[in-house]
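K.L.:
Take a look at the letters that make up each chain.
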Amino acid sequence: MTNYIIKRIIRGIITLLIAVSVTFLILRFMPGDPTTIMLDPRMNEAARARLLKEFGLDKSLIVQYFLYIRQLLKGDLGYSFIYRTPVTQVILSRLPWTLLLMGLTQVVTMLIGIPLGVIAGYRKGTLLDHLINAFTIFGISVFIPWLGITLLYFFGYRIPIFPIGGAYTPGVEGITYLKDVFMHLVLPVLTLTLIYLANYVLYMRASMVDVLSEDYIRTARSKGVTENTVVWKHAVRNALIPTVTMAGLLLGRMVSGAVLTETIFSFPGVGRMIYEAVGQQDFPVLQGAFLILAISVIAMNILTDLIYAYLDPRVQLN
Amino acid sequence: METDKHKNENKNREHETLLQVFIRSFFRNKLGVIGLIGVIIIILVALLAPYIVEPVSGYGDFENILNPPSQAHPFGTDDMGLDIFSQVIWGTRTSLQVGFLTVLIALVIGVPIGLISGYFDNFLATIGMGLTDVFLTLPVLPLMIIMAAVIGSDIKNIALVIGLFSWPKLARITRASTLSVRNMEYITAAEGLGASNFKILYKHVLPNVSAPILVNMTIIIATAILSEAGLSFLGLGDPLTWSWGKILENAHQSGAFLSAWWYSLFPSLAIMFFVVSFNFIGMGIREALNPKLRQR
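Residue numbers (this note's numbering), protein chains in the order written: chain A, 1 to 318; chain B, 1001 to 1296.
In short, the hints are calculated from the structure, not lab data.
Cβ atoms here follow ideal geometry from the backbone N, Cα and C, with glycine treated the same way.
Be aware that one or more of the hints could be misleading.
For the chain A half of the interface with chain B, some residues (derived, Cβ under 7 angstroms), not all of them [what the hints assert, rightly or not]: (1) 149; (2) 255; (3) 260; (4) 275.
Produce the entire structure from the sequences given, and follow the hints as far as they go.
P.N.:
Here's what the structure looks like:
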C-alpha cells in the first residue's frame, strides 16, 4: 500500500509538472512579447526593465523555464494587475468557496445519482429506466449558463425563495450566517447537480447491469436472500467500486461547470474571479487560477484513487 | 473485426455490402434518425442563412428594445433592439464551423496518439498514454481561457483552442480499440508476412477502430459547441461573428434575462438542439455498428 501511495503521488507531481509546462508554453510561445502579457501595461519603462531582469525574461527559454518553476515552487504566482496584491493571496482567499461548491455538488450528485443508477440498472428496459435515461441526456446536452439563468429567473426572481447572487449577505453572523450561506448555495449546487448527475447515473447503471448478471448474485437469490438485500447489499457494493473512479474524473470537468455557474450567480469563488480576470486581461490571475485549480484537482484525484485502492483489494496486488 | 465476419455469415440478404447493412440498421434506430434529421436541419440553416433572414447590423433600434416575440421579430429583440432570431440563425454558422474544425484537430492529434499507445509497447506509447491521462484529469476550461485570451478571439483560434484540448477522449477510445485488435490473428499474420508497422496501423488497425472513432467524433462536436458557447459567454468569443454563447453573455451582462425570458431561451434552445442532435447521431451509429445492440 505504501508503494502504491508513493507511486500515485509521483504521478500527481508529473501531472502537475505537465500542467506547469503547458502554461509556460502558452504564455511564452504566443505571438507578441511575453512581457506585454505578464506585466502591467500601465507600468513605466524603468520599472518594466527592472521587472524583466527580475523575472529573467532577458535569458534563454530553458533558463526562463527553470526560473519559472523555481518561482512557482516558492508559491510566487506574480502580481495581479487589478488587485495589486500577490496572485497567490487573492486566489487562496477565494478557493474555499469554490471547493465548498464543488464538494457539496460532488456529495449531492453521488447521493442522488447512485441510487438512480441502481434503479435504472435493476429495472433495465422499463419505462422508469427510459425516463432516467432521457433525463441524463438532458443533463449532458444543456448549456450550464442557461440552466443557471433559468433557475435564477424562477426561484430567485419570479418566486423569490433564494437570493439571486453572491455567497452570503454582508453583516450577518452566527447561526444565521450558516443558514444564509446555505440559502445562497442551493441554486448553484442545484445547477451543477443537474448537469453532472448523468455521469453517476450512467456509470452506476452500466456497472449494475454487469454485476447483476454475475454468478454470486444468482447464488444469493437461490439461497433465498430477499431481492432487496441482493440488489442493495450484494450487487451495489461491487457496482460502487468502479463508480469511485468516476468521482475523480468528474472533478476536472466540474471545474468548467463551476467557472460558468459562479459567473452566473456572482459567487465569490475562483471561477467568478477567472471571469473577471478575462474582462480585465489579468493574465497572472488567469494563470494562477488554473494552476491552483489543477493542484486541487490532482490532490483530490490522488485521494479518490487511494479510497479506490482501499475498497478494491485487487488494486493493491498489482 | 470479428463482428464484421459474423455479419457476413449471418447475412440472409446476399449481395448486400457492409455499408448497406450499416445504413439499414442505422435507419431502424429512432434516435439516430432523429439526430440525423436534426443535423441536416442545422446544416441547411447554416448554408441558407442569407436566404432566411438578414444579418443584424448597426447599433440597434432603440425604439424596439427588449420586445417580446412578435411577427416582425419571432424570437423578440435584445437590449439594443436587435433581432434575436437573426442572431440565432447566423450563430448556427459559427457553431458548425467550430464543431467541424475542432473535430478535425482532435482527429489529427488524438488518433495517432491512440494508435501508437495502443499498438506499441515502448517509451513513445507510455508518453502518449501518460499525456492522455494528464489532459483527462486537468481542468481544461481554465486552460482554454488562458490560451484564448492570449491568442485572441478569432473564430479559427477558438476552434484551435478547443481542438487542442478535445483530443484526449479520442486518443483514449482509439487506444482501447487498438488494444482489443492488437493481438488478433490477422494482425499477427500481417506481421509475419513482414508488413511494416505503419502499413499495419494504417491498413489493418485503423479501419477496424474507425467505428468507435466515428461515434466519438459526434460527441466531440457536441462538446465543442458547449465549449465555444462557454468561452463566448465568458467574453472570449469572436467579436465579429454571431454566436449563441455571446447572445447569452449579452443577456446576462445587461441583466435583461430577468425581465426578458426570450433573450436567453432561444439561443439556449438552439444550443440544446445542436448538442442533442449530434449526441443522438452518435448513439444511432453506435447501435448500428454493434451487432449485440442492433435490432434486426
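K.L.:
For each hint, tell me whether it holds in the structure or not.
P.N.:
Quick rundown of the hints versus the structure:
1. 149: 5 angstroms, holds
2. 255: Where the cut-off is 7 angstroms and the nearest Cβ of chain B is about 3 angstroms from residue 255 of chain A, the hint holds.
3. 260: Holds, because the Cβ-Cβ distance from residue 260 of chain A to chain B comes to roughly 6 angstroms (cut-off 7 angstroms).
4. 275: 5 angstroms, holds
Taken one by one, the earlier hints all hold for this structure without exception.
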